[in-house]
Amino acid sequence: MSTERLFSFKNHWFAASIGVTGALVVLSLIGGFVVLPYATTTASFAGIWDAICSAAGVPRATAPSDVAKPDFTTSNVVINSQMFGAQDARSVGRGATLAMQCAICHGSNRQGQIDTPNLEGQPAAAIYKQLRDFKAGSRTNAVMAPFAVRLSEQDMLDLAAYYAYLPRQPGAHPALALDAPVIVARGAPMRSVAACSSCHGTTDAKLGTPWLDGQSAVYIKAQLQAFATGERRNDISEQMRNIARQMTALEIDAAARYYAGRP
Amino acid sequence: MTSASDHDHDEGAIVAARVEGRWTILSACVVGLLIGMAIFAGIHKATMPQARVELANPQTLHISGEFIESNLGSAVEADGSVTVRALGQQFSFTPQCILVPTGTAVTFRATSADVVHGFLITRTNINAMLVPGYVSVLPAKFDKPGEHPMPCQEFCGIGHEGMWAKVKVIDKTAFFKMAADNNRRLTCVE
Amino acid sequence: MLNSKRLVLAHFWLAFVVFGLALLLGEWQMFVRSPLNPWISNSDLYYRSVTAHGSAMGYVFPTLIAMGFGYAITEFALKKALIGRRWAWAGLALVAVGAITAMIPVSLGLASVLYTFYPPMIANPFFYIGVVLVVLGSWIWVALMAINLTAWKRENPGKPVPLAMFANVAGAYLWGWTAVGAAIEILLLIMPVALGLKTTIDAGLSRVFFSWTLHAIVYFWLMPTYIAYYTIFPRAIGGRLYSDAMARIAFILFVVVAMPIGVHHLFADPQVGAGFKFIQSVFTAVVALPTLMTIFTICASAELAGRLRGGKGPFGWVAALPWQNPMMLAVTFSFLMLGFGGAGGLINMSYQLDASIHNTQWITGHFHLIFGGAIVIMYFAIAYDLWPHLTGRALNSARLIKAQLWLWFVGMIVTTFPWHYVGILGMPRRMASYDYANSAIAPQALSVSLSVFGGLLLVISGGLFFAVLIRGHLAARTDPGTYQFSVAVHEPVRVPVALNGFALWVTLMIVLTAINYGYPIAQLLALKGNAVPAIYMGATR
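Chains as they are written, first to last, in my numbering: chain F, 1 to 263; chain W, 1001 to 1190; chain Z, 2001 to 2541.
None of these hints come from the bench; they were simulated from the model.
The beta-carbon is built from N, C-alpha and C at its ideal position, and this holds for glycine as well.
One thing to keep in mind: the hints can contain errors.
Label-pair distances were calculated between CB atoms; the ranges are [as the list claims (entries may be wrong)]:
| no. | chain 1 | residue 1 | chain 2 | residue 2 | range |
| --- | --- | --- | --- | --- | --- |
| 1 | F | Gln82 | W | Phe1176 | 43 to 53 Å |
| 2 | Z | Ser2439 | F | Met100 | 49 to 59 Å |
| 3 | W | Phe1176 | F | Arg150 | 41 to 51 Å |
Partner residues are not named here, just some residues of chain F that face chain W (Cβ under 7 Å, in silico) [unchecked claim]:
| no. | residue |
| --- | --- |
| 4 | Thr40 |
| 5 | Gly57 |
| 6 | Thr62 |
| 7 | Ala68 |
| 8 | Gly187 |
| 9 | Ser192 |
| 10 | Ile236 |
Please take these sequences and the hints and turn them into a complete structure.
This is the structure we're talking about:
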């Protein structure tokens, strides 16, 4: 019958384990928070307290440095999933009214001009962002600019809601349904090109990306070329320019034709 | 109250305990050696974890601050070192081709615009995670000119396998000449 | 005498069925991303498979083995019926329901977040609910282990807890505390976002909570294996366990030190301070100690058996060992894989060396070698050892068993060694396909193809395993006798109270967790504005 007490320094096991653990903790604290930060010459600390806090992970502000500013307007739109949640019927209705001026070029039932994009069924985030960019001038187009400049923030949200509410129209040439070309199905990873469907796809479509299925081939090709030359640069942090720059002319053609033929 | 066999038993137990004890001390020495090596490597300027935690807001990276698109790329600092700023996003790095000089202290500063990405320059030990909300800082030095693929090494979504950038190391003189001729951030993007 | 045969059998069968399905998925993945397959047309399928394979192999399979084995040990070692058998069945049901609940969204492509589910990628809420149910089921097991041990100790005051039960409960306590990290991450951080109640999440804090679970879970997986090393292997080969006390100390070290070292999975992360990375690196080095001790004790126990069989001289005992005995083969293979995998682990835990291979295929090779290899081969051995006692029938398939074990060992080496190599070449993880035509990737092609072949051997071995188990159900009835654990050379009559219970060790485990994790978590929690937008996976428009 054991009468040993466990939690007592008379118990050798207790004493030894507390002692060893304690020593390890203290030594590694000193090593990690004092010795090693001081040995790191790539970072300069303002004294020991700064070194200890940095090693602990207290966020430190970076020393401000020169920021090279762009010589053109970049997109300043912030979109997140909260902004485009459930559709509000009144918003859609207001959007429908506003959209009457859009129908001239972006007509319904594929009667719009072929070099203007089909807007029906496009995600609200995509429409909204492009309108904001047109208004701010980060995306330049002589025809769109005057329209966009007159739109208020709420107008843009309403238009986005309206077009998102519409069902997507079938492609103009559904008979030309093609197998996905290599560049669409697999991309060209070593050239920094992900498969188009990873952002423009049915699952996991990236927020703010437009649908390409059934879009005008002329339009897709023109936009890809514009991204490739840098003429269009409202893609946040160059994400489309990175892609289009590395696509060959044949690949751009193939992608445009493929998506135009999709339902 | 011990019999002869109990006595042997105890003797055997003592021997066994001594052997075990010696082995444990040997093991502890091995472990201690490993820890010592880590400390030695840390002190003698082998690569170390980043010294500070820095925050970033992924939603506004493109609007203001050091990660706007015109500020991404390689910048020469006053002390002659080079700072490379990069961004990881679904599914590419910007700049997609990073230009660095040989024989110069380079500091990579990178973050993510959306999900967790990885940052790995193959054939080097430059390897970090890009966690949205935090800035990753890595010091580096390249010895020889060449090209290194730079894949994202953490699953970031369905397009993860398409996320490969490139690092191009060029001769120091050529690099600094380019920097002098050009007041933009340097990249090797064509 | 085993009262809970059906309970244990149910756990094992569910575990192995899940394992078999996940094994097939794993080989498909190896094939699909190799040069042997032209290209996968839908990479989403690949990521669904990786999620399913990882979650099944990591969260469901080893948990069920630990639970089933734990119930068996409770009855065999304490020589009484399991207290709370109804609760045990409830726990099993929770695990089964949880596994299915999680797998449904995964197979539909709504939860392609991988078993590590790093936010801000957010999956369908049922995936997380499923994982939580699995953990809850396992916590019922943890409670039952504690209850059964406490009841026995009350009935047997002062007597040494049988080693198998001691180690079993050590594993239970370790798991109980370890699971808390991921549970907090899922319940408090992820679920509100998955359910749409919040739309932002702190990605860095989530990774820190997950790392709390991520390392020690592998020790939870490892416990049944080490229990088998100490309490089954010496008896199976006709020897004795070299030291009971050292065994207890090894398991105690696991309880204390396996837990608060998870930040070594975050060495490359920007949200944890360098000081905490260092402390956890030091304690990671310390957790190598119980494994080094185990290697010694088990080899010494084997030497005893060899000498008892007439082996002479410094190495003659090796030849004298019962090499025809499947348990001998299993433990030898396990130790060989443990040696290589452990060495790889030592590399991973050193910040400087880890920088070269972090998140490359080296990592995947490493954990397949150590978990899929060293640990799982012992799960097979445990099943073989227990099977006659569970089925009441003979297990006569000695040749099949040996073939199965050999194939698993060779297959695992052929699968994982090339994997380590391509990791050193810089091949990144978790990609559905690679452009082997590109000159930078071409050197990796042959090794990846070799791995596929190794995986095929593993699938065949898995098939043989099922064949053996099924034959075990159909063989002639036999009485396997009382189940025996190994006996130590010096069976303890009295054991110091510190080596007979867990109060001190669990306290130390919790205290070290507070020291190593407390500040990093608190400080990230205090950064209120650092949550980032959630990215919902599989969100269709």
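- prompt: Checking against the hints above, which ones are violated?
  reply: none
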